[in-house]
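Novice: In case you want the letters, here they are:
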Amino acid sequence: MATVDTFSEGRQVRRIRDESPSATTGKGTPPPRAAAEKGTRAASRPRTFSRAGSAGAWLPYLLPVTLVVLWQLGSSTGIISDRIMPSPVAVLAAFWERLLSGELARDVGVSGARAVSGLVIGGSIGFLLGIANGVSKLSEQLTDTTLQMLRTIPHLAMIPLVILWFGIGEEAKLFLTSLGVLFPIYLNTYHGVRNVDRDLVEMGRIYGMSSWSLFRKVIFPGALPSIFVGLRYALGIMWLTLIVSESIAANSGIGYMANTAREFMMTDVVVLALVIYALLGKLADVIARTLERRALAWNAAYQG
Amino acid sequence: MPIGPYQSPLAFVSDGELERHYAEPQPVPHEAEGPQPAGLRLRGIEKRFGDNHVLKGIDLEVPVGQFVAIVGKSGCGKSTLLRLLVGLDEPTAGEISFLGDDGTAVEPNARIVFQEPRLLPWFSVADNVAVGLGGGVPKETGRREAKRALAAVQLAEKAGDWPSKLSGGQRQRVALARALVSRPGLLALDEPLGALDALTRIGMQELVSQVWRELGFTAVLVTHDVSEAVFLADRVIVLDEGRISLDLDIPQGGERRHGDPVLAEIEGRLLDRILGRG
Ligand SMILES: Nc1ncnc2c1ncn2[C@@H]1O[C@H](COP(=O)(O)OP(=O)(O)O)[C@@H](O)[C@H]1O
Ligand SMILES: [Mg+2]
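So the protein lines, in turn, are chains U and X.
Residue numbers for the first sequence follow the working numbering, so the first one is 570 and each next one is one higher.
Residue numbers for the second sequence follow the working numbering, so the first one is 12 and each next one is one higher.
Looking at chain U on its own, in the form it has when it is part of the complex (with noise of 0.2 Å):
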């Protein structure tokens, strides 16, 4: 061509790279342009983030930490009166001395494992059902009334009933934490199992997937979000069940320490009790979350 000399050589060069995808073939995108793009996004994306991540660091954490100094305050100057409410500090010092003599240990110990063991019981018993329920036609005509209706009735009212059952063992607070998480993962995952795509499932059986691989790679992860919502549902109940169950009646546990700090006027202890509640729920929540995360990581909602 005799202007190419009126072009500089970086214009000729993109030409030329600009007409090489539709000479050959013309469909798809042409690498240089996906590259591009993915350059864009990747250049604006940490500008975003940092500016999010820089304020959000510490900006969750600004109004717990002025409460507590505010509460350190009070107590030391004598506002607040430490029969009601012991200062930080002195929760602080409970803490380690509790923790020093072994009994903090134990005593979360043996509250964790009851809250771990009624979500196993109780969650499985609710996933079980939620699938079986969610797939099979015959299996939600038996149950499904019968569970709808059970779930109506608090479960903290059946406490008198599980005394009178169980006595005031591990039996009657097992029995009320799996009670009480069952409800929640039931539904959802139920809920999850009906809302999975059909399309999706006609997809499966076109490509002759046996009903364990069509439940493997379609139905269940279909419903996992919605199983993951019913999780952490089911955590908040957890910790709320075994927060009374063992004040009523037990020995061992968080929730003996806090009742028998009270017979002694030992608000610290009292104090101390709610916080590592308060912890382990966060604790339980985070890992939920995490999971959650990880298992998801396909969905756009739960990326970054």
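You may find that some hints are simply not true.
Claimed, not checked - PhoX-like mimics (lysine-lysine), calculated; alpha carbons at most 25 Å apart, straight line:
(1) U:K786 to U:K706
(2) X:K150 to X:K176
(3) U:K786 to X:K150
(4) X:K67 to X:K84
(5) U:K786 to X:K176
What the hints assert, rightly or not - Residues from chain U that keep clear of chain X, each with C-beta distances beyond 12 Å, as calculated:
(6) W627
(7) V634
(8) V638
(9) M654
(10) L661
(11) L707
(12) T712
(13) G777
(14) K786
(15) V787
(16) V813
(17) Y825
(18) T829
(19) M835
(20) L849
Hints were generated in silico from the structure; no laboratory data involved.
Glycine residues also receive a C-beta, built at the ideal position from the N, C-alpha and C atoms.
Given chain U, put chain X with the ligands in place with the hints provided.
Specialist: Just chain X with the ligands now, kept in the frame of chain U:
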């Protein structure tokens, strides 16, 4: 017999190492020749949904390896017919047979691609394609086959991505790779490009045409785009109220191009027929 899933339908995506790996463990020599496309014979096919008489007697023969396009107004039974072909539904009356080159009955290993890609969002692109191999394939083999099929649709570099990261056209190419990975003898396409923008669609048409020429399966394409039908197919069938109202061969010859005057003329005739103007 369907061809074992271990054989690559996509051997043309030559990759020295894969090829060598592939060459050794093939115990079924006569099937190693390549894909075995299945022709079609429909006899008096009818389909009713309750009182709704959708297909009212379809007779059709599709030779092995032909590319047939079916066009027609919305609701005339095109999707219904495709679902019968791939065994997703049973005809109310009539008979569907799949015939090999020599006229004997063959297992068609039929696959279908829909307008929506229907990818599993929780599987990587490669794992989605491996779904097309069916069960009983070792993971490694599945991955390798998937990569090969992805290369055939020019998406090899996306093998590890989540489907949510892809564009609409790319997702549809993954769906195509999933359908092709098990070397179908018959590929049904139900408005596979209907949801794509015009430019992406043209690129995809060329891709479909290329894989069809390279793999040699029998293709049945449903489309509402008459120019797409004319561009891709050897033969266009117009379906009208459950009957075939026109069966037109598209003259072969040379490379087809969008905007070719001969094709444009055929396109015009088809449109007149579909819209009842001629
Ligand atoms: N599973 C079904 N049950 C009842 N009616 C159906 C079913 N599938 C399709 N139909 C009916 O069959 C007719 C043709 O549908 P379809 O084959 O999807 O048309 P199209 O040519 O637009 O693809 C429509 O009237 C539709 O309502
Ligand atoms: Mg349709």
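Novice: Hint by hint, note whether the structure agrees.
Specialist: Comparing the hints with the structure gives:
no.: 1; hint: U:K786 to U:K706; verdict: holds (21 Å)
no.: 2; hint: X:K150 to X:K176; verdict: holds (23 Å)
no.: 3; hint: U:K786 to X:K150; verdict: holds (14 Å)
no.: 4; hint: X:K67 to X:K84; verdict: holds (16 Å)
no.: 5; hint: U:K786 to X:K176; verdict: holds (20 Å)
no.: 6; hint: W627; verdict: holds (32 Å)
no.: 7; hint: V634; verdict: holds (39 Å)
no.: 8; hint: V638; verdict: holds (45 Å)
no.: 9; hint: M654; verdict: holds (49 Å)
no.: 10; hint: L661; verdict: holds (45 Å)
no.: 11; hint: L707; verdict: holds (24 Å)
no.: 12; hint: T712; verdict: holds (28 Å)
no.: 13; hint: G777; verdict: violated (5 Å)
no.: 14; hint: K786; verdict: violated (7 Å)
no.: 15; hint: V787; verdict: violated (7 Å)
no.: 16; hint: V813; verdict: holds (38 Å)
no.: 17; hint: Y825; verdict: holds (44 Å)
no.: 18; hint: T829; verdict: holds (49 Å)
no.: 19; hint: M835; verdict: holds (51 Å)
no.: 20; hint: L849; verdict: holds (31 Å)
The structure is inconsistent with the numbered hints 13, 14, 15, although it conforms to all the rest.
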